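Chemist: At position 375 of the sequence shown the residue is numbered 375 (the working numbering), and the sequence of numbers has no breaks.
Simulated from the structure, these hints should not be mistaken for lab results. Keep in mind that a hint or two might mislead.
[Unchecked claim] Taking lysine to aspartate or glutamate pairs in the DMTMM-like style, the calculated list, with each CA pair at most 20 Å apart, reads:
1. K415 with E491
2. K329 with D94
3. K7 with D83
4. K33 with D55
5. K327 with E178
6. K190 with E178
7. K15 with D250
8. K260 with D250
9. K77 with E127
10. K469 with E334
11. K375 with E462
12. K116 with D94
13. K100 with E149
14. K329 with D494
[To be verified] If you anchor each label on the Cβ, the simulated ranges turn out as follows:
15. T246 with K306: 45 to 51 Å
16. K222 with D65: 45 to 51 Å
17. N45 with P145: 37 to 43 Å
18. R331 with D250: 48 to 54 Å
Predicted model only: the values in this text are computed from it and were never measured. Yeah, the Cβ is synthetic: ideal placement off N, Cα and C, and Gly gets one too.
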Amino acid sequence: MNMETNKQYPLMPLKNTVLFPQQVIPIYVGREKSLKLIEDLPDDNKYLVVVAQQDGSIDDPKEDDLYSYGTLALVLKTFDMPDNSKSAIVQGVDRVKILKFNQGESYFMADIERIKESITTPDVQIEALAKNLKSSFTELIKISPNLNEEHAGMLSNIDRPSRLADRATSLLSVSNSEKQQVLEELDVRKRVENAINLLQKEIQRIKLGEEIQSEVQDEISKTQREYYLREQMKTIQKELGEDSQTVELDELKKKIEDVKMSDEANKVANKELDRLGRISPQSPEYSVSRTYLEWLSELPWSKSSKDNLNVKEAHKRLDQDHYGLPKVKERVLEYLAVRSLKKKVTKEETVRGPILCFTGPPGVGKTSLGKSIAKSMGREFVRISLGGVRDEAEIRGHRRTYIGALPGRIIQSLKKAKTNNPVFMLDEIDKLGSDFRGDPSSAMLEVLDPEQNHAFSDHYLEVDFDLSKVMFIATANYPDNIPPALYDRMEMIDFRGYIDDEKVQIAKKHLIPKQVKEN
């Protein structure tokens, strides 16, 4: 490389372009300072220095915004544009190093060091690198949409490795900063290596892009194929009268008719069914609406088990299942007798009575006595544990606006019982809690109060469900912990512990036979 210090040259910043020596390019001249520079060039000396901006978005660059290496260029021709701007054809001549930026009246003047390349015979290593560069460029042409065989011909006619690196880099779709690195590299071997690295990087980028595009295209084709097959299936099903959505809607309609729900619920269900028919099966809203209708149609709105209020049979069943507890059994039988008498006198299916609450320590037979009552009455038995329940939604359910919403545990248990008059045991009612999520005891009040439970409203169903036929029995270990409003609506029946003789009889009649049977 030969270094020559020359006189000052006018300097033109370029926004998004790096000009290499021997490269001919058109540049757009639109900034006021650049237009003034072009106009001031004498006809017999149209040389200027072009330098790339570090940030192309800056409209009025300062000295710190420009690179310290640029290119001495010759303006071959200028054209006036309709918008009063100009277009200039420039040819790179030599690399230059900017020694000093001088701010003129309208534009920069630059003291430069002109870097002329000496023509020497390259060594074997540089020749090998140049050959590698040409082969890499040939590979790039095969896959790049922006290059063709004409560009390959440009490189094949260049013998000097330094110019070969410049020309190859100028044709790449890489960033200006990467091109600037090649421009600033004065060592020929390193410059060729940099150009090869940029070529390989561009080849990898294009190949990766093609792989991604291929995968995306495959996924799109797969999706389109699935959609096409799905539409074909719909058409075939319609021709056969087996449209899956229509069949599903017909099944739901029949279930709604057969379940004989209340007038209010029937009106809501049919309205929701009409809405479901207008929703696309692919829509998430479709499954939400369908699940809601399935819940409505699977509840025991009108299905009841036939009561057996024979007090003698109940007495026999209680004695068979439980030893002792004479006062407890007496009160339970009295309760059943009153219900039987009320039913005969009033001729009504629904008989109101006090809510029994069995109190006592764990393991004295509170829950099992509830099961025996259900068996003696011929009713289904369901049980929910209220210990630790602090969220009102556990009782009333979640509104359908929530994702994954479901009815509360009362409605879920009735669906499980499949009748609207089971014996419903509320275990550990004294352990109901309350916090920021609500007060479940208030919701439980609506469940147990005979004046309210004929129209129990679950947040999920949003229609009233009649709980008046359900026989509720509660259990508690510590009755003093029961909320006062609930306590007042229940009759406490105390289960005291067993004396030693009773424990012996329980072991003989129940525990030992059970263990013998199991083992």
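Chemist: For a C-alpha distance cap of 20 Å, please report whether K77 and E127 respect it.
Modeler: violated (36 Å)
Chemist: May I ask you to test the hint 45 to 51 Å on the CB atoms belonging to K222 and D65?
Modeler: holds (50 Å)
Chemist: Is the hinted pair K329 and D94 satisfied, with a Cα-Cα distance of at most 20 Å?
Modeler: Violated, at about 113 Å.
Chemist: Between K190 and E178, is the straight-line Cα distance small enough, at 20 Å or below?
Modeler: holds (14 Å)
Chemist: T246 and K306, beta-carbon distance inside 45 to 51 Å?
Modeler: Between T246 and K306, where Cβ atoms are some 38 Å apart, the hint is violated.
Chemist: Taking the CB of R331 and the CB of D250, does the distance hold inside 48 to 54 Å?
Modeler: Check passed, 51 Å falls within 48 to 54 Å.
Chemist: Does E178 sit within 20 Å of K327, going by the straight-line distance between their CA atoms?
Modeler: violated (96 Å)
Chemist: Are K33 and D55 close enough, with their CA atoms no more than 20 Å apart?
Modeler: holds (18 Å)
Chemist: For the pair we were handed, K100 and E149, check the Cα-Cα distance against 20 Å.
Modeler: Since the Cα atoms of K100 and E149 sit roughly 42 Å apart, the hinted pair is violated (cutoff 20 Å).
Chemist: Hey, K7 versus D83, does the alpha-carbon distance stay inside 20 Å?
Modeler: violated (34 Å)
Chemist: CA of K415 to CA of E491, is that 20 Å or under?
Modeler: violated (27 Å)
Chemist: Quick one, are K15 and D250 close enough, alpha carbons at most 20 Å?
Modeler: Between K15 and D250 the Cα gap is close to 69 Å, so the pair fails against 20 Å, i.e. violated.
Violated hints for the displayed structure, listed by number in ascending order: 1, 2, 3, 5, 7, 9, 11, 13 and 15.
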